[in-house]
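If you use full-length UniProt numbering, the sequence shown corresponds to residues 1 to 124, in order.
Just so you know, these hints were derived from the structure itself, not from any lab. Since the model is a prediction, treat every value here as computed from it, not as a measurement. It cannot be assumed that every hint is accurate.
Derived pair list, reagent style DSS-like, types lysine-lysine, alpha-carbon separation capped at 30 Å [said to hold, decoys possible]:
| # | residue 1 | residue 2 |
| --- | --- | --- |
| 1 | Lys89 | Lys116 |
| 2 | Lys81 | Lys50 |
| 3 | Lys123 | Lys50 |
| 4 | Lys50 | Lys116 |
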Amino acid sequence: MKKALVWNIVAMLLLTTSLAFGAPITQNRLADKPAELAVDMMSQQPLSVKLSSHEVHAGESIWLTVSGGVEPYVLISVENKIQVVSRGKNTYQISGLTVGDSRLTIGDSENNTITKVITVLPKR
1 MKKALVWNIV
11 AMLLLTTSLA
21 FGAPITQNRL
31 ADKPAELAVD
41 MMSQQPLSVK
51 LSSHEVHAGE
61 SIWLTVSGGV
71 EPYVLISVEN
81 KIQVVSRGKN
91 TYQISGLTVG
101 DSRLTIGDSE
111 NNTITKVITV
121 LPKR
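Kindly produce the complete structure, drawing on both the sequences and the hints.
The following block contains the structure:
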(Lines of atoms letter the chains of each structure in order from A and count residues from 1; the text may use other names and numbers.)
(Lines give C-alpha, C1' and ligand atoms only; values in the text may rest on other atoms or scores of the structure.)
Protein backbone atom coordinates (compact mmCIF):
# COMPACT_ATOMS: atom_id res chain seq x y z
CA MET A 1 0.00 0.00 0.00
CA LYS A 2 1.08 3.55 -0.54
CA LYS A 3 2.44 5.38 2.50
CA ALA A 4 -0.32 8.01 2.35
CA LEU A 5 -3.03 5.35 2.43
CA VAL A 6 -1.36 3.55 5.34
CA TRP A 7 -1.07 6.86 7.20
CA ASN A 8 -4.76 7.61 6.63
CA ILE A 9 -5.77 4.20 7.97
CA VAL A 10 -3.54 4.59 11.06
CA ALA A 11 -4.79 8.14 11.66
CA MET A 12 -8.41 7.02 11.40
CA LEU A 13 -7.80 4.16 13.87
CA LEU A 14 -6.17 6.57 16.32
CA LEU A 15 -9.00 9.05 15.90
CA THR A 16 -11.71 6.39 16.30
CA THR A 17 -10.02 4.97 19.40
CA SER A 18 -9.66 8.45 20.90
CA LEU A 19 -13.31 9.23 20.24
CA ALA A 20 -14.50 5.89 21.65
CA PHE A 21 -12.67 6.38 24.94
CA GLY A 22 -13.31 10.11 25.24
CA ALA A 23 -9.65 11.09 24.96
CA PRO A 24 -8.98 14.61 23.73
CA ILE A 25 -7.72 14.81 20.17
CA THR A 26 -4.62 16.88 19.66
CA GLN A 27 -2.22 17.33 16.82
CA ASN A 28 0.43 15.40 18.78
CA ARG A 29 -1.85 12.37 19.11
CA LEU A 30 -1.97 12.21 15.32
CA ALA A 31 1.82 11.94 15.06
CA ASP A 32 2.42 15.60 14.17
CA LYS A 33 0.30 15.41 11.03
CA PRO A 34 -2.03 18.33 10.29
CA ALA A 35 -5.03 18.55 12.58
CA GLU A 36 -7.44 18.97 9.66
CA LEU A 37 -8.30 15.27 9.81
CA ALA A 38 -9.59 15.61 13.36
CA VAL A 39 -11.37 18.87 12.59
CA ASP A 40 -13.13 17.41 9.54
CA MET A 41 -14.37 14.43 11.54
CA MET A 42 -15.66 16.62 14.37
CA SER A 43 -17.30 19.33 12.23
CA GLN A 44 -20.05 17.26 10.61
CA GLN A 45 -23.12 19.43 10.18
CA PRO A 46 -26.53 18.12 11.27
CA LEU A 47 -28.99 17.06 8.60
CA SER A 48 -31.04 19.90 7.22
CA VAL A 49 -33.78 20.15 4.61
CA LYS A 50 -34.80 23.12 2.48
CA LEU A 51 -37.98 23.19 0.37
CA SER A 52 -38.11 25.11 -2.92
CA SER A 53 -41.40 26.74 -1.89
CA HIS A 54 -43.25 27.43 1.33
CA GLU A 55 -46.58 26.79 -0.39
CA VAL A 56 -47.49 23.75 -2.47
CA HIS A 57 -50.85 22.71 -3.92
CA ALA A 58 -52.27 19.26 -4.71
CA GLY A 59 -50.96 17.86 -7.98
CA GLU A 60 -47.86 20.07 -7.97
CA SER A 61 -44.24 19.10 -7.40
CA ILE A 62 -41.79 20.57 -4.95
CA TRP A 63 -38.00 20.39 -4.79
CA LEU A 64 -36.19 19.43 -1.62
CA THR A 65 -32.48 19.99 -0.94
CA VAL A 66 -30.71 17.97 1.76
CA SER A 67 -27.46 19.09 3.37
CA GLY A 68 -25.33 18.10 6.35
CA GLY A 69 -24.97 14.61 7.70
CA VAL A 70 -23.03 12.01 5.72
CA GLU A 71 -24.08 11.10 2.18
CA PRO A 72 -25.71 9.15 0.66
CA TYR A 73 -29.18 10.16 1.79
CA VAL A 74 -32.36 8.06 1.91
CA LEU A 75 -35.84 9.60 1.69
CA ILE A 76 -38.92 7.74 2.92
CA SER A 77 -42.53 8.87 2.62
CA VAL A 78 -43.97 8.01 6.04
CA GLU A 79 -47.59 7.76 4.84
CA ASN A 80 -46.68 6.50 1.34
CA LYS A 81 -48.62 9.47 -0.07
CA ILE A 82 -45.83 10.96 -2.14
CA GLN A 83 -43.24 9.87 -4.65
CA VAL A 84 -39.58 10.82 -4.35
CA VAL A 85 -37.63 11.15 -7.57
CA SER A 86 -33.90 11.81 -7.17
CA ARG A 87 -32.52 14.63 -9.30
CA GLY A 88 -28.87 15.14 -8.58
CA LYS A 89 -26.56 14.54 -5.69
CA ASN A 90 -28.67 16.00 -2.88
CA THR A 91 -31.71 17.53 -4.59
CA TYR A 92 -34.98 15.63 -4.90
CA GLN A 93 -38.25 16.27 -6.70
CA ILE A 94 -41.29 15.38 -4.61
CA SER A 95 -44.50 14.66 -6.55
CA GLY A 96 -47.83 12.90 -6.13
CA LEU A 97 -48.80 15.31 -3.37
CA THR A 98 -52.35 15.12 -2.03
CA VAL A 99 -54.17 17.59 0.24
CA GLY A 100 -53.08 17.44 3.86
CA ASP A 101 -49.85 16.85 5.73
CA SER A 102 -47.28 14.41 4.39
CA ARG A 103 -44.26 13.43 6.47
CA LEU A 104 -40.98 12.70 4.77
CA THR A 105 -38.11 11.17 6.74
CA ILE A 106 -34.58 11.79 5.50
CA GLY A 107 -31.69 9.65 6.73
CA ASP A 108 -27.96 9.62 6.12
CA SER A 109 -25.34 6.86 6.09
CA GLU A 110 -24.67 7.39 9.82
CA ASN A 111 -28.33 6.65 10.71
CA ASN A 112 -29.09 10.29 11.54
CA THR A 113 -32.65 11.24 10.60
CA ILE A 114 -34.82 14.30 10.25
CA THR A 115 -38.54 14.40 9.48
CA LYS A 116 -40.06 17.16 7.38
CA VAL A 117 -43.80 17.81 7.24
CA ILE A 118 -45.03 19.05 3.86
CA THR A 119 -48.45 20.70 4.07
CA VAL A 120 -50.29 20.43 0.76
CA LEU A 121 -53.10 22.88 0.03
CA PRO A 122 -56.12 22.24 -2.25
CA LYS A 123 -55.67 22.85 -5.98
CA ARG A 124 -55.68 26.50 -7.04
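Structure-based check of all given hints:
1. Lys89 / Lys116: holds, 19 Å
2. Lys81 / Lys50: Satisfied, since the Cα-Cα distance of roughly 20 Å is no more than 30 Å.
3. Lys123 / Lys50: holds, 23 Å
4. Lys50 / Lys116: holds, 9 Å
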